[in-house]
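Chemist: Residues per chain, in single letters:
Protein chains: 2
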Amino acid sequence: MAKKNKLQYIILGLLNQEPLSGYDITKAFTTDIGEFWQAGHSQIYPALKIMEKDGYITHEIEIAGTKLEKKIYSITSQGKKVLMDWLVSDSGELKPIKDEFILKLYFIKNKDDVQLQQRLIEQLQLHQVKLDHLEGRMKLIFFSEEEINKQYGHYLILDHAIEREKYCVKWFKKYLN
Amino acid sequence: MAKKNKLQYIILGLLNQEPLSGYDITKAFTTDIGEFWQAGHSQIYPALKIMEKDGYITHEIEIAGTKLEKKIYSITSQGKKVLMDWLVSDSGELKPIKDEFILKLYFIKNKDDVQLQQRLIEQLQLHQVKLDHLEGRMKLIFFSEEEINKQYGHYLILDHAIEREKYCVKWFKKYLN
DNA sequence: GTATTCATGTAAGACGTTACATGATTCA
DNA sequence: TGAATCATGTAACGTCTTACATGAATAC
Chain Y
7 MAKKNKLQYI ILGLLNQEPL SGYDITKAFT TDIGEFWQAG HSQIYPALKI
57 MEKDGYITHE IEIAGTKLEK KIYSITSQGK KVLMDWLVSD SGELKPIKDE
107 FILKLYFIKN KDDVQLQQRL IEQLQLHQVK LDHLEGRMKL IFFSEEEINK
157 QYGHYLILDH AIEREKYCVK WFKKYLN
Chain A
7 MAKKNKLQYI ILGLLNQEPL SGYDITKAFT TDIGEFWQAG HSQIYPALKI
57 MEKDGYITHE IEIAGTKLEK KIYSITSQGK KVLMDWLVSD SGELKPIKDE
107 FILKLYFIKN KDDVQLQQRL IEQLQLHQVK LDHLEGRMKL IFFSEEEINK
157 QYGHYLILDH AIEREKYCVK WFKKYLN
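The listed protein sequences correspond, in order, to chains Y and A. All residue numbers for the first sequence refer to this note's numbering, where the first residue is 7 and numbers rise by one. All residue numbers for the second sequence refer to this note's numbering, where the first residue is 7 and numbers rise by one.
Just so you know, the hints here were simulated from the structure itself, not pulled from any lab data. Please read all numbers here as calculations on a predicted model, not as lab measurements. Do not rely on the hints blindly, as some may be mistaken.
No copy labels: a pair is met if it fits in one copy or bridges any two.
Unchecked claim - Dumping the calculated PhoX-like pairs for lysine-lysine here, alpha-carbon to alpha-carbon at most 25 Å: (1) Lys-145 <-> Lys-117; (2) Lys-33 <-> Lys-136; (3) Lys-156 <-> Lys-145; (4) Lys-156 <-> Lys-180; (5) Lys-101 <-> Lys-172; (6) Lys-104 <-> Lys-10; (7) Lys-33 <-> Lys-86; (8) Lys-86 <-> Lys-117; (9) Lys-180 <-> Lys-117; (10) Lys-115 <-> Lys-86; (11) Lys-33 <-> Lys-180; (12) Lys-101 <-> Lys-136; (13) Lys-136 <-> Lys-176; (14) Lys-176 <-> Lys-101; (15) Lys-104 <-> Lys-12; (16) Lys-86 <-> Lys-104; (17) Lys-12 <-> Lys-86; (18) Lys-101 <-> Lys-145; (19) Lys-136 <-> Lys-73; (20) Lys-145 <-> Lys-115; (21) Lys-176 <-> Lys-145.
Whenever a hint applies, use it, and build me the whole structure from the sequences.
Modeler: Next up, the structure:
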């Protein structure tokens with residue numbers, strides 16, 4: 007069954023690749039992972055403490071400059087087991103995508119509502135910008151067959167997101183006058 | 007800018023159509039609205055109290071049988087204003103869709119991972135079931151041009167969801183061996 | 001009479017966001 | 001020397017889920 011605490015699995019997944027500081031993990035959420043999951047440092051630092059208490063990770067202090075202390079976290083064998091168990095588990099039900107725009111649409115009853123076209127144009131632009139951004143990322147990261155094979159899952163989700171945004175753009179254009 | 011408290015807007019949107027009890031509102035989240043937003047009664051009852059305190063709604067007691075009290079809520083003119091302001095407001099940024107399956111995919115590095123095909127099949131089935139369900143709803147609710155024109159926004163989001171699931175099913179099939 | 005649905009609420013905890021708070025290092 | 005970034009943390013608040021809790025009406 008699908009478990010809670012997704013954030014902890016993401017952190018385990020990242021640390022399974024290489025040891026990182028809380029700051030590094032926070033940064034990861036603004037780039038690659040940020041495309042499909044968001045978390046701020048105020049969520050990450052407490053999570054790291056709990057995970058260490060639970061024995062999934064450990065840390066070593068690294069001094070930068072003369073006294074700035076960096077906590078470099080590594081995954082433990084117990085943490086690896088937890089991560090692997092999650093990766094092979096069923097992902098459970100499909101949850102509804104909570105989208106504010108879709109919500110508003112539900113309450114617009116009239117086909118000729120003056121707001122409708124404006125809202126559709128707004129959304130089309132947002133999805134177009136997102137599509138362009140994702141295609142940029144794809145070109146930047148997956149420039150060769152080798153790169154694709156090295157991070158195949160990441161390649162798949164980028165492709166998935168790009169195709170989704172293409173469909174979105176197409177859908178909005180269909181209903182624009 | 008996009009505001010918080012989406013639940014309150016949904017409730018206002020529902021009460022703008024007709025007076026309803028908390029129980030009726032809860033039920034609405036298991037059918038139509040449930041396709042794109044979820045909320046339980048433990049969220050709805052406290053929300054109704056706050057909204058009444060804020061002057062957006064009022065209620066009258068209706069007796070069912072001999073003593074079962076039902077609170078029938080109606081939207082006030084102030085509530086209508088709040089709803090309309092929200093409907094015409096910008097929906098803001100596109101937030102990442104938090105999907106557990108996508109998350110797992112990110113950490114599957116190897117193209118030939120034994121788990122990958124299994125996970126893809128699982129997801130394909132979930133999306134196929136969802137697609138069938140949505141198409142059933144579409145046939146059930148929008149059986150005539152008249153019905154489409156009466157609830158045009160609802161028609162749009164159902165069409166949007168169906169097209170999205172079609173794209174999903176297609177995408178998963180593309181990566182299945 | 002008993003099971004299901006109708007009907008309303010509270011409590012505890014998990015999860016998430018924004019704001020508050022501090023200090024070191026690096027680059028211009 | 002001042003701004004941007006590195007680095008780590010807490011507090012307050014808001015949202016959401018699960019469980020607890022009660023009782024009436026209806027259909028079988």
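Chemist: The structure should be examined with respect to each hint, and the outcome stated for every one.
Modeler: Comparing the hints with the structure gives:
1. Lys-145 <-> Lys-117: between (40 Å within a copy, 19 Å between copies)
2. Lys-33 <-> Lys-136: So Lys-33 and Lys-136 pass the 25 Å test inside one copy only (20 Å; across, 35 Å).
3. Lys-156 <-> Lys-145: The answer is within: 15 Å in one copy meets 25 Å, while 45 Å across copies does not.
4. Lys-156 <-> Lys-180: For Lys-156 and Lys-180, the Cα distance is within 25 Å only across copies (20 Å; inside one copy 38 Å).
5. Lys-101 <-> Lys-172: The answer is both: 22 Å in one copy and 17 Å across copies each meet 25 Å.
6. Lys-104 <-> Lys-10: For Lys-104 and Lys-10, the Cα distance is within 25 Å both inside one copy (18 Å) and across copies (13 Å).
7. Lys-33 <-> Lys-86: Result: close within a single copy only, 22 Å intra versus 42 Å inter.
8. Lys-86 <-> Lys-117: between (54 Å within a copy, 20 Å between copies)
9. Lys-180 <-> Lys-117: within (14 Å within a copy, 36 Å between copies)
10. Lys-115 <-> Lys-86: between (52 Å within a copy, 15 Å between copies)
11. Lys-33 <-> Lys-180: neither (38 Å within a copy, 32 Å between copies)
12. Lys-101 <-> Lys-136: both (22 Å within a copy, 11 Å between copies)
13. Lys-136 <-> Lys-176: Answer is both: 14 Å inside a copy and 21 Å across each meet the 25 Å cutoff.
14. Lys-176 <-> Lys-101: The answer is both: 24 Å in one copy and 19 Å across copies each meet 25 Å.
15. Lys-104 <-> Lys-12: This pair counts as both: shortest intra-copy Cα distance 18 Å, inter-copy 10 Å.
16. Lys-86 <-> Lys-104: Result: close only across copies, 23 Å inter versus 32 Å intra.
17. Lys-12 <-> Lys-86: within (15 Å within a copy, 38 Å between copies)
18. Lys-101 <-> Lys-145: between (31 Å within a copy, 22 Å between copies)
19. Lys-136 <-> Lys-73: This pair counts as neither: shortest intra-copy Cα distance 41 Å, inter-copy 56 Å.
20. Lys-145 <-> Lys-115: Only across copies: Lys-145 and Lys-115 sit 19 Å apart there, 42 Å inside one copy, limit 25 Å.
21. Lys-176 <-> Lys-145: both (22 Å within a copy, 23 Å between copies)
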